[in-house]
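Turn these sequences into a full structure, and let the hints guide you.
Protein sequence lines correspond, in order, to chains V, C, B, G, F, D, Z and Y. In terms of our numbering, the first sequence has 95 at position 95, counting the first letter as 1, and numbering is strictly consecutive. In terms of our numbering, the second sequence has 197 at position 197, counting the first letter as 1, and numbering is strictly consecutive. In terms of our numbering, the third sequence has 219 at position 219, counting the first letter as 1, and numbering is strictly consecutive. In terms of our numbering, the fourth sequence has 214 at position 214, counting the first letter as 1, and numbering is strictly consecutive. In terms of our numbering, the fifth sequence has 89 at position 89, counting the first letter as 1, and numbering is strictly consecutive. In terms of our numbering, the sixth sequence has 121 at position 121, counting the first letter as 1, and numbering is strictly consecutive. In terms of our numbering, the seventh sequence has 187 at position 187, counting the first letter as 1, and numbering is strictly consecutive. In terms of our numbering, the eighth sequence has 10 at position 10, counting the first letter as 1, and numbering is strictly consecutive.
Treat the hints as calculated values from the structure; they're not laboratory data. Warning: the hint list may mix true and false statements.
[What the hints assert, rightly or not] In the PhoX-like style, the derived pairs of lysine-lysine whose C-alpha atoms are separated by at most 25 angstroms in a straight line are:
1) 53(C) <-> 170(B)
2) 53(Z) <-> 170(Y)
3) 53(G) <-> 53(V)
4) 170(G) <-> 170(V)
5) 53(V) <-> 170(G)
6) 53(C) <-> 53(B)
7) 53(Y) <-> 170(Z)
8) 170(C) <-> 53(B)
9) 53(D) <-> 53(F)
10) 170(Z) <-> 170(Y)
11) 170(F) <-> 170(D)
12) 170(D) <-> 53(F)
Single-letter residue listing:
Protein chains: 8
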Amino acid sequence: MEEERLDFEDIGFAKVDHGRAERCGWPEVIYGAGKTAEQIIAILRSLMAHDRKDSLLVTRCDVEKADLVQAAVPDAEYDATAQMLYLRRGGEACGCIAVLCAGTSDLPVAEEAALTAELMGAHVERAYDVGVAGIHRLLAQQPLLDRAKAVIVVAGMEGALGSVVGGLTKAPVIAVPTSVGYGANLGGISALLSMLNSCAAGMAVVNIDNGFGAGYMAAVINAQSVGQP
Amino acid sequence: MEEERLDFEDIGFAKVDHGRAERCGWPEVIYGAGKTAEQIIAILRSLMAHDRKDSLLVTRCDVEKADLVQAAVPDAEYDATAQMLYLRRGGEACGCIAVLCAGTSDLPVAEEAALTAELMGAHVERAYDVGVAGIHRLLAQQPLLDRAKAVIVVAGMEGALGSVVGGLTKAPVIAVPTSVGYGANLGGISALLSMLNSCAAGMAVVNIDNGFGAGYMAAVINAQSVGQP
Amino acid sequence: MEEERLDFEDIGFAKVDHGRAERCGWPEVIYGAGKTAEQIIAILRSLMAHDRKDSLLVTRCDVEKADLVQAAVPDAEYDATAQMLYLRRGGEACGCIAVLCAGTSDLPVAEEAALTAELMGAHVERAYDVGVAGIHRLLAQQPLLDRAKAVIVVAGMEGALGSVVGGLTKAPVIAVPTSVGYGANLGGISALLSMLNSCAAGMAVVNIDNGFGAGYMAAVINAQSVGQP
Amino acid sequence: MEEERLDFEDIGFAKVDHGRAERCGWPEVIYGAGKTAEQIIAILRSLMAHDRKDSLLVTRCDVEKADLVQAAVPDAEYDATAQMLYLRRGGEACGCIAVLCAGTSDLPVAEEAALTAELMGAHVERAYDVGVAGIHRLLAQQPLLDRAKAVIVVAGMEGALGSVVGGLTKAPVIAVPTSVGYGANLGGISALLSMLNSCAAGMAVVNIDNGFGAGYMAAVINAQSVGQP
Amino acid sequence: MEEERLDFEDIGFAKVDHGRAERCGWPEVIYGAGKTAEQIIAILRSLMAHDRKDSLLVTRCDVEKADLVQAAVPDAEYDATAQMLYLRRGGEACGCIAVLCAGTSDLPVAEEAALTAELMGAHVERAYDVGVAGIHRLLAQQPLLDRAKAVIVVAGMEGALGSVVGGLTKAPVIAVPTSVGYGANLGGISALLSMLNSCAAGMAVVNIDNGFGAGYMAAVINAQSVGQP
Amino acid sequence: MEEERLDFEDIGFAKVDHGRAERCGWPEVIYGAGKTAEQIIAILRSLMAHDRKDSLLVTRCDVEKADLVQAAVPDAEYDATAQMLYLRRGGEACGCIAVLCAGTSDLPVAEEAALTAELMGAHVERAYDVGVAGIHRLLAQQPLLDRAKAVIVVAGMEGALGSVVGGLTKAPVIAVPTSVGYGANLGGISALLSMLNSCAAGMAVVNIDNGFGAGYMAAVINAQSVGQP
Amino acid sequence: MEEERLDFEDIGFAKVDHGRAERCGWPEVIYGAGKTAEQIIAILRSLMAHDRKDSLLVTRCDVEKADLVQAAVPDAEYDATAQMLYLRRGGEACGCIAVLCAGTSDLPVAEEAALTAELMGAHVERAYDVGVAGIHRLLAQQPLLDRAKAVIVVAGMEGALGSVVGGLTKAPVIAVPTSVGYGANLGGISALLSMLNSCAAGMAVVNIDNGFGAGYMAAVINAQSVGQP
Amino acid sequence: MEEERLDFEDIGFAKVDHGRAERCGWPEVIYGAGKTAEQIIAILRSLMAHDRKDSLLVTRCDVEKADLVQAAVPDAEYDATAQMLYLRRGGEACGCIAVLCAGTSDLPVAEEAALTAELMGAHVERAYDVGVAGIHRLLAQQPLLDRAKAVIVVAGMEGALGSVVGGLTKAPVIAVPTSVGYGANLGGISALLSMLNSCAAGMAVVNIDNGFGAGYMAAVINAQSVGQP
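Structural data, given as structure tokens:
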């Protein structure tokens, strides 16, 4: 097993980490932002040749690259809102992850989180546009907050949603600040700071606009909590 | 009247602005932080000689200075929580200002706001420790939020209280970020940014820990709203 | 009434807050920046179906989106300077709000503030290009500053106008920093900090370039001050 | 149950949130930093009168306050390294949480995390001084990383430990940046940014020096993962 | 002359720059902050032995160091407000420099500027506490602004005074931001940014609290303007 | 004269400050960045009708606007490097201003400074590409540094040139940081901080890329120093 | 020799520093970012006329400029990944420099470093995509780390690679933060801070994305270490 | 050898890295700032028992801790300026490292660098107080700059010294920004940014006030350059 953990394939511009699934429970996910379609295809093929049971993900992949990759890898699907390309594998969804977002503009990040968690085997329920300026819309989600094994909160501007949710659920909360807003939002820094300084316990934070990271973390917690290996 | 507006007394280290009340509706308030007790006494006496109907305020005045000033100006009272020294004047309190704070540590700033507003003639009602992690404590204040002519929200850490309150009241909201917290609170910058980026309308913000500024602004709005000159 | 306060319509990508007017005195305003024309139209129709007496506003709406919305909602008007789309309703303008700006480049933000206040029922008077480098231009506005129930000050670069105005009026001042300038203006942060640190009392601040927020706040204060519900 | 969720006791300077345990699974934890010993005692007594089965915690409590509280509440214990005061309750520890720290100077924060998790019922294993400059010390912890249900990583300076650990474990990782270091560490901001930008998936971050927050989050995940309610 | 320009004395911990006066028109000024009394005495003696006609200055010298230096150098005088130690030399004061400050708390920085300029041979006139919240106090200084050859403006908080003065004088303006204020003043950064972004032309800025630098610059301009070499 | 000082023309979107020349010694300069060609033309015509002896300047004017303005105001000239449009007036150049820049990329800012000073009547001498990495190129400019009445130093990246020049001249130095560089230059903030913290006396700083401000300040000093009114 | 050190050619917009090679061991390198193709050609020709034995480099040169320069200087070669134009000269490569990068997106910066070092005479070995999330890929490079005379580490996001490498090699490490990442990476500031705060000794840092600077520094160290002059 | 590389001793609060010397060429150096005297003694003894040929260093050790450690480890020496405790071992000094500092206040950091390098076997030559405001003092050090194998430049305030030195030497330059200065020096950030943005090649930077890091890096380069293993 030790060997399997340390496996990787050197394809020149990349060293594909085939031990990742063994070590971390999930194969390498491709960060598409700084890569050409050709590079993505090559890494994807290396992963496909090695792992046949888990979904494979490419994040931050724009539609132009997606078209090129899909031409070469016909099984790949694409979600334009989440900017994700993926090969869907695996069986029935388990557990329950709640994905909440504060406003309509936060949708792309929320969808990246939701889709990531789904591809990693989680049952996901969405509650969008439940920002704190109309708190009753959030309070109406109490049943969802009660049955969730993990809650993802996506919010830009002042990012206040995280703290309120933290006070309404037993589940661990993953907060995702978004860059939605203008001026003193500082590209998402304002929401990030809010979430880090939350007066609510049981919450941790990922990078600005990092829906993927939140979905991954929540999926791991959810799987553990329902006894998935 | 023009002349009265432009009146000031030059006492060497200061030019006491006696036209302030005529121009702005309220005499000069002494910022105690960078002044000696002697300087405060001199300015106070200049103001007392000129204005006999309005309360006079010294903000950010520690107890040592306060003792020295009170020895020289026996009518002066002192509030140790708000760090304010004052001569209380004027008649019955009017209108209604709600002062809310998120946690016990925000009390000194909240009291500076409340006391300022009271000294400027407002009726003030306090609701402390109503932070968003236990949102039901805030929702229980709805009647107060309904009758207030102005609402002051004092909060540190992530400063989320402002946005939630903004969605629950018709009154204008003055938000005061505090330096309460640690680490990524950046001495209050986190709460300040939250409040500036609020998704709730009808809210404006003053400097970190500036309870005085919020109390003053709220008092002006409150007085106007109940037809005080 | 409690129920009316908690009313909302779930249209999938949004939960339109129909209780807003009951709770806050004004229906939900649509933040156009992160929405498609289709989303704006759907939310607008939901609001139109529910509220028939108040003006409806869409802020940060560029001309392309505006054209599409106007095709679907013929009553909608558009102001290209303020980048606002709106349905104008309501009767005679009341009270007096002064909107001052420091320079010609601050006009779009000043117009967003002025138009918002007008749509919310306020009588608005503009005094543009009264920056402090030619202070006599501002001093000439004293009569306006005397009759205003609220003053909006819009300024970029060093944002000094707020403090000077604060010393010339009895009315509450809402300061709007703008991103006008270059280099060390840091996209408006310089003006924002100036306004937050103002030596003048009776002033509060909104986000950079947030003309809407200032207009809204001023309109609420103005209405209260002339006895509007 | 709804009522129990919304229970709170108003003791003047605080509104003790007795619904917290029902809503969030754990009673209110007292943030000691901004409170007097008297205030802590009063809140503690209110909590003790209401909750008899869970441990009660006071964080950021210095030794002087601890002495005063212990005089009034004899059952309270104190940990000087973690700066925590607590009433220990509950039965056997369950699951496994790994607490790693990069260097000896990070110990107080690591102990705050470990003690919090233990008081919340978790079995905790510590591996201290496993910083990345001597990576073999970390690799020697592989068995611990394999059996943990949650991993807490505490590191200051460049905060690199989080990413390396993230690549070695299947468990969710909670990263705690510390203020250890000098100069360009910016009081912990450097480590915080490192952890937020981690190239490893399955990791989320709490505030600088927030050992408590990490311990709480990990304890919730751990309990869920071993089927605790 | 070339040689004189390049003259320096190596006294181990310092290389006293005796060519400074020849190159820059004024001997080296000692920055007292990071030096022991012994180091200051040694450098001062080296300067005294070399230059007999210009005033010698030690800035940022606290009273303890000053006492020790004065014991060793009996001719040295000390100004506790400006925190400056000096040997006064030279003849009649020439020209006119106006030193303005916004509030009483800015006095120490203003005095450092004024005293520096005086020691460098300038006639200095002070106008203190002329902040913009009472603009008439500043307008009353118009005759001074008209006769000055250089104007120094000292202000903390929002630093707005510089721009207003810049619009009222023909003389070059040197602006000195101070660290006076709290919260979002960021230790003087707010005032510094204001002054750098001034809409008034003919103004330049020195470091926060750098009264010395402003006094030096103004003295050079003043001397040049009245035909001093 | 008082009246002349307070003269202005209200043309709707602007209040042209015709008292500026009387108060400040130079007519209003038009900041072209936030204005349309039509607005520039209208302000220019207002100034031309009022002032017939001084050069008129429009800064930050791109070539498209310049073409439109020149079509309407045939006397206007344009400098594409300095991005300035102007009407040149006045007689012989007087005094001596040295304009130094560190590298070729700083040329546009240096030219804005030089041209401004020339249009305001100064004799200007340029020494470009004298950055400190080849210090002998700067030392070769000693004669220029000796005869200058004011020195302008333009530098990006680390902005070190200012301090070195400050140690080589008797003249006052105006430092202009530029945004030249990348990464940790932070858009010019690095050079700005360097210049503000200079160990050399007799130097003051203007905004990033503000060649105009430096040229204006230097021109005022130069004129004063050669006895120009 | 002194004269040779101080040699430069004034070509108007630039003063080409022909003494650089004598003083610093290497001729001036042209920073292409702020220069026109014409300016680059002129400086290159001046350098070519003076130096016939060393490679000549133009950094940050985009393909459009490169085409124009190559048309005029046929010997010039171009590398599109590194964005470098160069004239290759010199003999056999000596020593050993290891260039490591964390991910595929860091390739352009790594190639700028590698090519610079090669053109300056170093033997370079590359190991790309060895980021810390799959630490075994890095550990596999131990033989390279053992034989290198200097190690260049290129990493974005959290920049953790530097510290790990610092603990695995005897050679001096030059760390290059890159702007790869998003959100809280702050354009490379996060990686920069990580590297500056490294717990590993024997490492120093260059500017964000400054592959050239790292390659240059490493080449100097490598040459010295193998006894090259 | 592999085993020796991976050797460490677990003493509870620390895992002393005995493989460091084998891997990195030098034993672990103790960072004294966050450790008690007892912890330092324990780690020191563990190192002493394992390594008998290299000097052992404790950095950032104040005099109180030093006294306690010296009582327990009589061979330990202490340098109060550099705040370093050490056991000196090894033979004759080799090569040449130049340590330059800009001003007297930078001495403690410069001495930390110099002493570190000396203890690691380097011959060190100091040139202090050679700041750029008197550039001739630096130019007088040319012979030292010519014979050095590595140059350390220590400077606070604007940190300009690094760039000038970089243009005068063939040796690699390690720049150390210091926190010397006030106001906009931002605790050393200003000098740090200057050095990172240097226009001179062949220079890299360490953390603010990190004399140790610079001394270590320079010692490694120096040793390599004179053929030491």
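We went through each hint and held it up to the structure:
1. 53(C) <-> 170(B): 17 angstroms, holds
2. 53(Z) <-> 170(Y): The hint holds at about 17 angstroms.
3. 53(G) <-> 53(V): 45 angstroms, violated
4. 170(G) <-> 170(V): 23 angstroms, holds
5. 53(V) <-> 170(G): Roughly 17 angstroms between the alpha carbons, so the hint for residue 53(V) and residue 170(G) holds.
6. 53(C) <-> 53(B): 45 angstroms, violated
7. 53(Y) <-> 170(Z): 17 angstroms, holds
8. 170(C) <-> 53(B): Holds. Residue 170(C) to residue 53(B) sits at ~17 angstroms (cutoff 25 angstroms).
9. 53(D) <-> 53(F): The hint is violated at about 45 angstroms.
10. 170(Z) <-> 170(Y): 23 angstroms, holds
11. 170(F) <-> 170(D): Distance of about 23 angstroms is within 25 angstroms: holds.
12. 170(D) <-> 53(F): 17 angstroms, holds
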